[in-house]
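Participant: All chains should be modelled from the sequences, with the hints used to inform the complete structure.
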Amino acid sequence: MTEALNKRLDSRPGIAAHQEAPLFTSVDDVSARLAATGYLASPAVATTVFLADRLGKPLLVEGPAGVGKTELAKAVAEVAQARLVRLQCYEGVDESRALYEWNHAKQLLRISAGRDETWDETRTDIFSEEFLLTRPLLTAIRGDDPKVLLIDETDKADVEVEGLLLEVLSDFQVTVPELGTIAATRRPFVVLTSNASRELSEALRRRCLFLHIGFPDEELERRIVRLKVPELDEALAASVVRVVGALRAMDLRKVPSVAETIDWARTLIALGADTLDETVVRDSLGVLLKHHDDVLKATAKLDLDAV
Amino acid sequence: MTAPGVAERLTSLVGALRAHGMRIGTGETVDAAQAVAALGLADRELLREGLAATLLHGPAQRLVFDPVFDLYFPRGIGAPDGEPAGRDDLRDRLAAALAADDRALLGRLAAEAVDGFGGYGNSPEGQGWSSYQALERLRPQTLLARVRESVRARDGASGFTDRLLEDEIRRRIEVFRSMVAVEARRRVAERRDRDELARRAVATTPDRVDFLYAGKLQLAELRRTVQPLARKLATRLAARRRRAARGSIDLRRTLRGSLSTGGVPMKPVLRRRRPFRPELVLLCDVSGSVSGFSDFTMLLVQALHDQFSKVRVFAFVNRIDEVTGLMEHGAADPEGLGARIRAEATLTGWHGSSDYGVALGEFAERHGDAVGPRTTLFVLGDARTNMSDPNLAAVRRITERARRVYWLNPEPRAQWGTGDSAAPDYAELVDMYECRNARQLGALISRLLPV
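So the sequences go chain by chain: P and H. For the first sequence, my numbering gives the first residue as -8, with consecutive numbering after it. For the second sequence, my numbering gives the first residue as 380, with consecutive numbering after it.
It is possible that some hints are incorrect.
Stated by the list, open to error - Pairwise CB distance ranges (calculated):
hint, chain 1, residue 1, chain 2, residue 2, range
1, H, G715, P, Q72, 38 to 44 Å
2, P, E86, H, A483, 49 to 55 Å
3, P, D294, H, G796, 49 to 55 Å
4, H, S637, P, R177, 42 to 48 Å
5, P, Y81, H, Q606, 50 to 56 Å
6, P, P13, H, R619, 44 to 50 Å
7, P, D294, H, D685, 29 to 35 Å
8, H, R619, P, R177, 41 to 47 Å
9, H, R792, P, V167, 47 to 53 Å
10, H, R632, P, D135, 56 to 62 Å
11, P, D85, H, R397, 33 to 39 Å
It should be emphasised that the hints constitute simulated quantities derived from the structure, not laboratory data. Glycine is no exception: its CB is placed at the ideal position from the N, C-alpha and C atoms.
Facilitator: See the structure below:
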């Protein structure tokens, strides 16, 4: 069984052929270097980033809004000293926005400039790289400098765009009919994010490592809050995180995320609160909870009315 | 690279996950083996995350993956070291660990608890380990007051966050209970066939749990999936609506436009679609046997209410009553919805068992005006009439009025028509679909709901 597995490992394209030095030496190395850029990673995040680098596979990150999915890509780019190429997906994004486009205006100029040439000469000339407008996916696989490709909110794009991504993500190449296939000289580190508002296709998922970033545990969240809001003292940070933890345990329509925890901590600083009490929490609950039903429910459960 | 034992263990882990309905290809297994090679076997938690990253495709699968992983890559082998501790001694140490929230120590105590109190049977074949028995003897839930006092003595009882303490301790106790369950499974796996255990003893993902047999916890789990599912369905409905809006060619206006080009239709004109939002009426059997199913569906429809111009919900056991008002208040408290409906609406007459004939008859008679040519009607129930008249005439009257009528039946198709089930009779009049779990329900709703 092992032999069979190992044989397949060696014969897989890309793994052996691809000989750049890996970004990270170990999982601890990932945590330490991400932390140096201001991103505190949980063990799950660090492990998956390490594997994505080692196996050379794209990383599909899912999770609730505001847990730092996009931030992760930015942090990795900073660590790798790579350029961040970002493709923001939205409903209706298409090939010409994601991949490449011919610069029609320039092509017309070229045609009218070269009046004496034969058509064959002109044709080969106007479909050359000079007239190609590269879009994020093509930009990311061209050139020798290191790059991080961030495909943000993949679930917002239409299903057809996923088909477009498949070739790029599995073989790191793009086929332009007039030019032929352009393969990556240096593989980018790819991060896809999704809010799961639509089920991504099985074919796309199979090509990626899957990472679900949930809410951090109490200790990690305390460190995140202290890092982002250094003015907040240790005891208050602990209380903040405990209250948020209690809110997450309630059955709310929209539970507060890490981004909201940080906002709340900043609000408390702005309000000049040294400790939490009923009045402060009641007045600032709107920062954490975005639905009226949720505010009512939390008020009842936290006994804020009692005073 | 990988030791031979590891490769085999990995493939049987994948086999067990596949048995739970996950689609894992050979490519993923190879990736997982590479992950093992890159991460090494030294740190079990890293290994867990690495395998999860390579093998899983969605967060719901994690609930199945974790217990299966615990079986194939156990924390240790055999009994914990040292003499089994006495009950009082173990409870003392457990209270201290809960107060300090020390997960590693809790894990060791769980191992001791199963070893000391979970064993049953004397003969080697009949011997086993039970988490239920260990927890019954240890009773960690009774430690709540004691832990609370010791935390308060340490940190002081003042401050706003003091009120959160009890719930936090309850959650820690819950963590300990699940650790005991994992440990008991591990010990059982050492004696029995691991593959068999991974298939049977690990609960499946919540969207595959049968509505009719779901326990209280599983129903709570299901309720948590309502909002994400509703969001997904709304996106799917919007896509269907967009496609439907592309419309067909309006021949009259195309020809009219072609006059200016000498009768050649240069510009096709599409028929404009009059925007309208369909109305939805739900008839839900909320009697004990199917209440889990109808509660879940009602919550889902409530979450989708902005997709429709009007949603009306009726509940019945053997009498029918409108509960639309109760649903709107229920948005903040989905858990109490079923209880509130049963308390506030008139659903039963002389007896407490369900009677479809009487309820449907009463609906056709008293609430007939709720159904019009724009209405799509869903009936939710198992069609078990307790041997009374199914009242097909009433159903026929409703079908004539409504745009479409669908019946979602939570029973497996094979059981329709057995015993007191009138399902085949109703199925002749309306489209009846089998709808046993949340996955089927999601698929049906995205297909059947009008756009």
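Participant: Now tell me, hint by hint, if it's right for this structure.
Facilitator: Cross-check of the supplied hints:
1. For G715(H) paired with Q72(P), a C-beta distance near 55 Å fails the hint of 38 to 44 Å.
2. At roughly 52 Å, the beta carbons of E86(P) and A483(H) sit within the given window of 49 to 55 Å.
3. Distance hint for D294(P) and G796(H): a CB-CB separation of about 54 Å, consistent with the stated range 49 to 55 Å.
4. Our hint of 42 to 48 Å for S637(H) and R177(P) is violated, since their Cβ atoms are close to 57 Å apart.
5. The beta-carbon spacing between Y81(P) and Q606(H), approximately 23 Å, falls outside the hinted interval of 50 to 56 Å.
6. Against the hinted window of 44 to 50 Å, the Cβ-Cβ separation of P13(P) and R619(H) comes to about 45 Å, which satisfies the hint.
7. A hinted range of 29 to 35 Å for the beta carbons of D294(P) and D685(H) is consistent with their spacing of about 33 Å.
8. At roughly 42 Å, the beta-carbon separation of R619(H) and R177(P) lies within the given 41 to 47 Å, and the hint holds.
9. With their beta carbons about 51 Å apart, R792(H) and V167(P) fall inside the hinted range of 47 to 53 Å.
10. Between R632(H) and D135(P) the beta carbons are some 58 Å apart, a value that agrees with the proposed interval 56 to 62 Å.
11. Here the CB-CB span from D85(P) to R397(H) is close to 37 Å, well matched to the stated 33 to 39 Å.
In summary, the structure is inconsistent with hints 1, 4 and 5 from the numbered list given earlier, while agreeing with the others.
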